[in-house]
Amino acid sequence: MSFDFELILDSIPKMLVGIGLTFELLFLSLALGTALGIFLLILRISGRWYLAAPTMVYIYIFRGTPILVQIFIIYYGLPQLEFVRDSIFWPILKEPFGCAIVALSLNTGAYLSEIFRGGVLGVDRGLTEAAAALGISVRQRFIYITSPIAIRLCLPAYSNDVVSLMKSTALASTITLLDMMGIARTIVAETYAPYEVFISVMVIYLVITWAIQRTFAWIEKRMSRHVRREA
Amino acid sequence: MSKADRQLMIELENVDKFFGSFQALKGVNLTVGKGEKVVVCGPSGSGKSTLIRCINRLEQHNNGKIVVNGHELTGAVKDIDAVRREVGMVFQSFNLFPHLTVIDNLMLAPKLVRKTPKAENRKKAMRLLERVKIPEQADKWPSQLSGGQQQRVAIARALCMNPEIILFDEPTSALDPEMISEVLDVMIDLAREGMTMICVSHEMGFARSVADNVVFMDEGEIVESGPPGTFFDNPKNDRTKLFLKQILSH
Numbered sequence: 001m002s003f004d005f006e007l008i009l010d011s012i013p014k015m016l017v018g019i020g021l022t023f024e025l026l027f028l029s030l031a032l033g034t035a036l037g038i039f040l041l042i043l044r045i046s047g048r049w050y051l052a053a054p055t056m057v058y059i060y061i062f063r064g065t066p067i068l069v070q071i072f073i074i075y076y077g078l079p080q081l082e083f084v085r086d087s088i089f090w091p092i093l094k095e096p097f098g099c100a101i102v103a104l105s106l107n108t109g110a111y112l113s114e115i116f117r118g119g120v121l122g123v124d125r126g127l128t129e130a131a132a133a134l135g136i137s138v139r140q141r142f143i144y145i146t147s148p149i150a151i152r153l154c155l156p157a158y159s160n161d162v163v164s165l166m167k168s169t170a171l172a173s174t175i176t177l178l179d180m181m182g183i184a185r186t187i188v189a190e191t192y193a194p195y196e197v198f199i200s201v202m203v204i205y206l207v208i209t210w211a212i213q214r215t216f217a218w219i220e221k222r223m224s225r226h227v228r229r230e231a
Numbered sequence: 232m233s234k235a236d237r238q239l240m241i242e243l244e245n246v247d248k249f250f251g252s253f254q255a256l257k258g259v260n261l262t263v264g265k266g267e268k269v270v271v272c273g274p275s276g277s278g279k280s281t282l283i284r285c286i287n288r289l290e291q292h293n294n295g296k297i298v299v300n301g302h303e304l305t306g307a308v309k310d311i312d313a314v315r316r317e318v319g320m321v322f323q324s325f326n327l328f329p330h331l332t333v334i335d336n337l338m339l340a341p342k343l344v345r346k347t348p349k350a351e352n353r354k355k356a357m358r359l360l361e362r363v364k365i366p367e368q369a370d371k372w373p374s375q376l377s378g379g380q381q382q383r384v385a386i387a388r389a390l391c392m393n394p395e396i397i398l399f400d401e402p403t404s405a406l407d408p409e410m411i412s413e414v415l416d417v418m419i420d421l422a423r424e425g426m427t428m429i430c431v432s433h434e435m436g437f438a439r440s441v442a443d444n445v446v447f448m449d450e451g452e453i454v455e456s457g458p459p460g461t462f463f464d465n466p467k468n469d470r471t472k473l474f475l476k477q478i479l480s481h
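If you're matching them up, the sequences are chains R and S in order.
For the record, in the first sequence the residue sitting at position 69 is 69 according to the numbering used here, with numbers rising by one throughout.
For the record, in the second sequence the residue sitting at position 34 is 265 according to the numbering used here, with numbers rising by one throughout.
Please keep in mind that the hints were generated in silico from the structure rather than gathered at the bench.
Any given hint could turn out to be false.
[To be verified] Keeping only pairs whose Cα atoms sit at most 30 Å apart, straight-line, the calculated DSS-like set for lysine-lysine is:
#: 1; chain 1: S; residue 1: Lys-371; chain 2: S; residue 2: Lys-342
#: 2; chain 1: S; residue 1: Lys-371; chain 2: R; residue 2: Lys-221
#: 3; chain 1: R; residue 1: Lys-221; chain 2: S; residue 2: Lys-472
#: 4; chain 1: S; residue 1: Lys-354; chain 2: S; residue 2: Lys-342
#: 5; chain 1: S; residue 1: Lys-309; chain 2: S; residue 2: Lys-467
#: 6; chain 1: R; residue 1: Lys-221; chain 2: S; residue 2: Lys-342
#: 7; chain 1: S; residue 1: Lys-371; chain 2: S; residue 2: Lys-346
All chains should be modelled from the sequences, with the hints used to inform the complete structure.
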């Protein structure tokens, strides 16, 4: 088999046209997923079973099923339902882009809320007690003591999830979106050269992953200034 | 001070506390007057920490009555916050906020709870750091300080809220021996200035020189209490005698 390096050099710029869409999918669903994750976390640790139980079911379903299935259900399944077509969400759900964002956000929110919960549980109880003993309210304790410490604790897992979400954005190509992966598939369909094209797109994803990891390493270092003396 | 002049700061009446089926406090009665210093001692698991943690409601008692400076501790959040503003606490493991500098540890509660202006908070925090003799550490992180220094910061942090009462939960137990005295010195200063204090401690020298009342607990009960002279030289109960023999023998 011959390997066409020229085709790699040719297709990388074509696929980079889709990098904007990849980033849009990534950043928008990361922002929404993070907000959802925080919301689910608060329900989960509220100490009220009627808030915590549905949250656990939600998390179980979205972590327990393939994201591809979730994307298909939202894109192909929901429009079948009349009340969905009549709802205020229809302008979002009738577009493949909206469906991809909804699916990625719902999915990543479930993962993130568990990551956040791990961070919150990792905060030494003595610290919140000390704050309580000073008369600081439950809400203020969560904002000023628990959150900043928990954020630092969950940063490594969070960065993992960002990388994983970035890779999941490629699934948007299955519902007609022309992100980098979508463009790659189009080129393959035209050239019948899957190796060259998919290797090119792999290289781009690897570079993005590298950038995400470097960014989080830097944030982690900055946020750990106060513990540098500890081993 | 005659009994009639004694202004009660803390009253515990028949207080019970359960953890599941385990009874940590059994019908505890204790009163502490303004300016009095009480040292609570006893074997581990005897309920000493639980007792003082009930006073600022880090634990909720199950039966009986606790009144702190006129506020009865009930389920009402307002009462709990009122009590916590007036009662400072110092923990065995310091519990300084690791993500805040020393000075920010001191300034956080006044900012959030009292809502006093920043400049005023800062001035007061510096004054208190001078009082515990570590003003030069103000801008360091807690992890950069020794245990003794961290505990002195913790005392200053409690003082920032102008408490009427301070609870000490084994404040020197986690310290290396050479750092114990620097913390006890700060506590002795506070005692001399007339602070109302309850201190869970096995520092018997401290108890002897500072306490108005020494309380011995075992298995959730107050077994014996009295002024240090009587308590140490003439204990009545056999359990107290045994305990004192064990901890004073080395």
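Hint check: Lys-371/S vs Lys-342/S, CA-CA at most 30 Å. Holds or violated?
holds (20 Å)
Is the Cα-Cα distance between Lys-221/R and Lys-472/S 30 Å or less?
Given that 30 Å is the threshold and the Cα spacing comes to 55 Å, the pair is violated.
Just to be careful, I want the Cα atoms of Lys-354/S and Lys-342/S compared with a cutoff of 30 Å; is the pair within it?
This hinted pair holds, its Cα atoms lying about 13 Å apart.
Take the C-alpha atoms of Lys-221/R and Lys-342/S, compute the straight-line distance between them, and say whether it is at most 30 Å.
holds (28 Å)
For the pair supplied as a hint, Lys-371/S and Lys-221/R, confirm whether the alpha-carbon distance does not exceed 30 Å.
It holds: about 18 Å lies between the C-alpha atoms, which stays within 30 Å.
Keeping to a limit of 30 Å between CA atoms, is the pair of Lys-371/S and Lys-346/S held or broken?
Within the cut-off at roughly 24 Å; holds.
Does Lys-309/S pair with Lys-467/S here, judged by a C-alpha cut-off of 30 Å?
Roughly 42 Å between the alpha carbons, so the hint for Lys-309/S and Lys-467/S is violated.
Consistency with the previously given hints fails for numbers 3, 5, ordered from lowest to highest.
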